[in-house]
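Going down the list, the protein sequences come from chains A and B. For the first sequence, numbering that gives the first Met the number 0 assigns the number 0 to the initial residue and increments by one for each residue that follows. For the second sequence, numbering that gives the first Met the number 0 assigns the number 0 to the initial residue and increments by one for each residue that follows.
Hints were generated in silico from the structure; no laboratory data involved. Even glycine gets a Cβ: it sits at the ideal position worked out from N, Cα and C. Worth double-checking, as some hints may not be accurate.
Subject to a maximum C-alpha distance of 20 Å in a straight line, what follows is the list of computed SDA-like cross-link-like pairs (lysine to any residue) [stated by the list, open to error]: (1) A:Lys39 to B:Phe30; (2) A:Lys9 to B:Thr152; (3) B:Lys79 to B:Gly194; (4) B:Lys105 to A:Pro15; (5) B:Lys225 to B:Glu130; (6) B:Lys105 to A:Lys63; (7) A:Lys63 to B:Leu107; (8) B:Lys105 to A:Arg36; (9) B:Lys72 to B:Glu130; (10) A:Lys9 to B:Lys105; (11) B:Lys72 to B:Ile227; (12) B:Lys105 to A:Ala44; (13) A:Lys9 to B:His33; (14) A:Lys9 to A:Ile61; (15) A:Lys39 to B:Lys79; (16) B:Lys72 to B:Leu61; (17) B:Lys72 to B:Phe30; (18) A:Lys18 to B:Phe109; (19) A:Lys9 to A:Ser50; (20) B:Lys22 to B:Thr152; (21) A:Lys63 to A:Ile78; (22) A:Lys39 to B:Ile227; (23) A:Lys18 to A:Ala44.
Quick look at which bits of chain A chain B covers, simulated, 3 or more residues with Cβ under 8 Å [to be verified]: (24) 13-19; (25) 23-34.
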Amino acid sequence: MKAKVYVTLKPSVLDPQGKAIHHSVELLGYEQIEDVRQGKYFEIALGANVSEIDAQQTAERIAKNVLANPVIEDYRVEIGS
Amino acid sequence: MKFGVIVFPGSNCDHDAYHVLSKHVGQPVDFVWHKQTDLSGYDALIVPGGFSYGDYLRAGALAKFSPVMKSVKDFAAAGKFVFGVCNGFQILCEAGLLPGALMRNKDLHFVCRHVNVRVENGATPFTSELEQGEVLSIPVAHAEGNYVCDDATLAELENNNQIVFRYCDENGETTTEANPNGSLSNIAGISNREGNVLGMMPHPERACEELLGSNDGRDIFRSLTKAIEKSES
């Protein structure tokens, strides 16, 4: 069982790194790009006998308490194999 | 009176803080390894600058799980003094001892130079030897010093006089140009509501000797010493 956690900046928070990436992408000629936001991606491997519900709950807790800073970031958990 | 300087793996301003407290403030001081949990011998703790845990995940994010931090929370809750500088400020925000967060500098640069900060609250245990409105020259050295919080938190900080230092120009004007990292409302340092926990991005421990370009940082440590003396009497 694998939990995939996506941590993204809250929409209200400015993302200077995303802006710099956006600028570089524009320099390559991709003029139709409206915005780039940078985030983080984590893969958490859980034991094979962990239920999907348990995996979801565990990953949510880890995301909330460790992986994301709730002052500036949101998170999303996906469970897969 | 005894100071403790907490040392995390990757702290690198711990010796500067130790040097200033022992040589210039003239008080006993210990290094406190991050695995230590007994803080009963200390009156004030310095959470120093550096790159605790290599700034992995987010600056200060992993240090908050060090064993010492639970004791630091109890220490602060008991009204004792906790002073976080640079990475220490980031750690205190991550640990929830101070509100808000410190993000990547607006222009993405690592900024390393002397800046001016204005004393916004001269009545805290960390600023009693300073005048309100006084301008201090203190160096910054960080890539993640861009203070952010939500509107409600900012209003609370302002209403409770928790904004202790703001970036300013040499005349004390808090201009956008004088803001080295894009911090909300030019915030350079804040306290908790009770006033016994302070975090700031500039390094006062690097501004305690004329030889280093400024000794404006000394009065912050002197204020803290007076506050401890007062709390003991």
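Evaluation of the provided hints:
1. A:Lys39 to B:Phe30: Given pair Lys39 (chain A), Phe30 (chain B) is violated - Cα atoms ~34 Å apart, limit 20 Å.
2. A:Lys9 to B:Thr152: holds, 16 Å
3. B:Lys79 to B:Gly194: holds, 10 Å
4. B:Lys105 to A:Pro15: Roughly 6 Å separates the two Cα atoms, so the pair holds.
5. B:Lys225 to B:Glu130: Holds, because 15 Å separates the two Cα atoms, which is no more than 20 Å.
6. B:Lys105 to A:Lys63: violated, 25 Å
7. A:Lys63 to B:Leu107: violated, 26 Å
8. B:Lys105 to A:Arg36: Cα-Cα ~14 Å, so holds.
9. B:Lys72 to B:Glu130: violated, 30 Å
10. A:Lys9 to B:Lys105: holds, 16 Å
11. B:Lys72 to B:Ile227: Distance of about 18 Å is within 20 Å: holds.
12. B:Lys105 to A:Ala44: The hint is violated at about 35 Å.
13. A:Lys9 to B:His33: Violated, at about 32 Å.
14. A:Lys9 to A:Ile61: holds, 18 Å
15. A:Lys39 to B:Lys79: violated, 37 Å
16. B:Lys72 to B:Leu61: holds, 16 Å
17. B:Lys72 to B:Phe30: holds, 18 Å
18. A:Lys18 to B:Phe109: holds, 17 Å
19. A:Lys9 to A:Ser50: Violated. Lys9 (chain A) to Ser50 (chain A) sits at ~30 Å, over the 20 Å cutoff.
20. B:Lys22 to B:Thr152: Distance of about 38 Å is beyond 20 Å: violated.
21. A:Lys63 to A:Ile78: holds, 16 Å
22. A:Lys39 to B:Ile227: Not OK: Lys39 (chain A) and Ile227 (chain B) at ~43 Å, beyond 20 Å, violated.
23. A:Lys18 to A:Ala44: Not satisfied, since the Cα-Cα distance of roughly 32 Å exceeds 20 Å.
24. 13-19: Answer holds; 4 residues pass the 8 Å Cβ test.
25. 23-34: As far as the region 23-34 of chain A goes, the hint is violated, because 0 residues have Cβ atoms under 8 Å from chain B.
Hint check: violations occur at hints 1, 6, 7, 9, 12, 13, 15, 19, 20, 22, 23, 25; the rest are consistent with the structure.
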